[in-house]
Structures are given as structure tokens and as C-alpha cells.
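Following the hints, complete the assembly by docking chain S onto the known chain C.
Residue numbers (the working numbering), protein chains in the order written: chain C, 1 to 188; chain S, 189 to 457.
There could be a bad hint or two in this list.
Stated by the list, open to error - As a list, the in silico DSS-like pairs of lysine-lysine whose alpha-carbon atoms are at most 27 Å apart:
hint, chain 1, residue 1, chain 2, residue 2
1, C, K141, C, K129
2, S, K285, C, K39
3, C, K38, S, K261
4, C, K38, S, K254
If you are wondering where the hints come from, they were derived from the structure by calculation, not from laboratory data.
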Amino acid sequence: MNALTTLAEETQNPLLPPIPELVIGLIAFAIVFFFFAKKLLPNINRVLDERRAAIEGGMEEAEARKAEAQQVLEDYRAQLADARHEAARLRQEAQEQGAALIAEMRAEGQRQREEIIAAGHAQIEADRKQAAQTLRQDVGKLATDLAGKLVGESLEDVARQSRVIDRFLDELETKADATAETKAEAGR
Amino acid sequence: MSPDQTLAFETDCHIFDGCGFPAPGLHSFTFEPIATIGGFEFTKPVLLALLGTVVVMVFFWAAFGKAKIVPGKLQMIGEAGYDFVRRGVVYEALGKKEGDKYVPLMVSLFFFIWMMNLWSVIPLAQFPVTSIIAFPAGLAAIVYILWVSLTFKKHGFVGGWKNITGYDKSLGPVLPLVMVLETFSNLLIRPFTHAVRLFANMFAGHILLLIFTIASWYLLNGIGIAYASVSFVMVILLTMFELFIQALQAYVFVLLACTYIQGALAEHH
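Chain C with its partners taken away, still in its complex shape (with noise of 0.2 Å):
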């Protein structure tokens, strides 16, 4: 016990700090402050630095890829767009040459066919027409040359310069068609 006290005597107030531990205390804490302050942490932000940068450059290259490929998705769309686009037009064209080419062609038909058509009614026509001159000449001349024989001389140069044979077919030919006019109304 008197050992105890005697120690407890020796012991300083612990509020009063001794002076060696004080100073020992601050050299020890200057050595760490300047080994951090002068080396450690301007290593480690550095570092860190580093690392921020390298992450943000392959976030920003992530980015430039990500914009680039949305580009070249949206050229590609409007590509496409204007792909089908065009089809539908050259598709629409096709049709509606096809419409024009297929009127013309029908109309160039009808005009044939009409034509032909022209050129036969004109043929008949003139065929009739020619058929009954000759007819018509012919039954002159039959005419002359039979009442020739009966009367015994010729009549052709008489017959010709006054049309006799012609001025009866002529009313024949009225009469006839008189008659058919009759025919066909009767016959109605």
C-alpha cells in the first residue's frame, strides 16, 4: 500500500502534459502530416483523377458509339422509307402506263376495226355502183341489140344520143323501187 502511494505521488497531474511526449507527440504527427500532405495524397488523387477521367472518356465514348448507331438505325429507317416509297411510285407508274398503254391500244383497235369497216362499206359501195353501171349498160345494150334484131337495123347511135334506153331503166328503177317501198310497207 505505501509502495501504491508513493507511485501515485510520483504520477504527475494527467492534465499537465510533459514536455518530451509533447514534442515526440508533434514529430510524429509532422513526419505522418508531410508523408501524406507531400506524397501519399497527391499520388492517390492522381489516381483518382485518372480513374474519373478514364471512366468518364468510356462513358463518353459509349455515348458517341450509342449516338452513332441511333444514326445510322434512323438513316437506315429513312432508307427503307424511301425504298418502299419509291416501289409504291414505280409500282403506281407501272399501273397507270399499263391503264394508258391498254386504252390506247383499244382505241387503236376500234379505229382499225372502224376503218376497215369504212373501207368495206366504200368497197361494197363502189362495187354496187359499178356492178349496176355494168348492168345497167349491159341491159342497154342488150336492149338496143334485141330491139336491133326486131326491127332490123341498128339502133345503137339512135339509142345513144337519146338516152331512150337510159331514160326507161331510169323510170324501171323508180318503179321498182316504188314497188318494193309498197312491198315493204304492206309487208309491215
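Only chain S this time, still in chain C's reference frame:
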């Protein structure tokens, strides 16, 4: 009891042996010098302080010495600690712009104090260096000198005094009283509490650990063994508690340092 302090207490003293409980006390914080160099007593706390300095430096040299962009395990731990102080304490209190200057000081303060506290529970060392008032006092003095000089540097002589005395015209008649109290509180109480808060926590923690550690040994006799086991459980629990307090006190010390600097830089109204 011999003044031998290689161990914290007498080993041949047990209950029922007619030997009183060798209670820890102030004498537990004085050590026989390991060596005396020219009148300077090289004691265990001094040895631990220097060793702690080396440990902190070696650890962070290993972590940050060859820092890589893709960190290793040790660097990751170091970065976590560094970031905790930098963002969690300094930027929180001072902002990034103002705070950046004080990051090295605060980081080194935090890890230095934490290491000094940690000695308390490290086997064989088992003594918190910061329970010797000289160590916290020195660190508190650095912070004190820093914030006082910052106050005058920032606000000039008159402005600095206004800041320290809490001068505020709108207070009217109580202003003199406020100024006296503020000056007293800021210039005298503040550095004292700053140092003593850390010191007393570590001092008390060490005493607590000692009481139960000594008791665990002292009670190892006859029926006392049952009590000794309880005491030993307390040692384990208190060791874990101390681990928490050690980190907390280092944090509080650094946080207060930042707050003082913030107050010094703040505009007085």
C-alpha cells in the same frame, strides 16, 4: 508494489491470499523508461507513438505508394478511409472548394489519432497513446493555431476579433456579456475540451479495460474463478466497445477541427 510497469499490475496477487485488489489508477499511465537518452526518458507511450507513426505510414505507403487506376485490395481499403475523411468530414463541413486545402491535415490527423487509440487493444501494446495528454494536446494546439490564424487572415485584425468575440450589435445590452463568454469559450475552453475529450475518452477506456483485466486475473482463486469468467466476458465486451470509441473519437476530433476552421472562415454577422 514495485514500480515495475512492464505489466500493468502484480501477477502474484490473488483474492483470498490476503492481497488487496491492485486497482488501476494514475500510476497505470506512468511507465518506467525503457531507456534514458541524455535525460530524456524513452517510455512505452513514446515507443508506441513512434511505432504507430511507422505503422500508419507503412500501411498507406503500401496502399497508395504505387496507386493504380484499378485498385488492389489494400488500395481499396485505403481509398475507402481516405474518402471517408475527405468527403464524409472535410467536404461535409467546409465544402469541396474551401475544404480541399485541409484534406491532407485532416486525413493525417484522423489516421494518426486512430492508430494511437488502436494501440489500446493491440496485444502486447495495450496502451492508448492518446491517454497521455501530451499527444492530444499537441494535436489540438496545431488545430488551435490554424483556426485562430485563419480567423485573422480571413477577416483582418478587427474582423477577426469580432468573429472570435461573437460581436453582434443587435444583441444590445447583453453584448458585453456575450463577448466575454464567447471569447472565453472560443479561445480558452475550446482547445482545452478539444484535447481533453480525446484524452479523457482514451484514459477512461484504458482504466475500464484495466479494471476488468486485472480483476479477471485477481479473481482466479477458489470460488473467485466464477467471478473471473464474468470479468473476462466484460473484457471482451469492453474491447469491442473500445474499438468503436477509438474510431469515434478520432472522427470527432477531426470533425471538430473542421468545424473550427469552418467557423474561422465563415462570415460573422
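Violated constraints from the hint list, given by number and in increasing order: none
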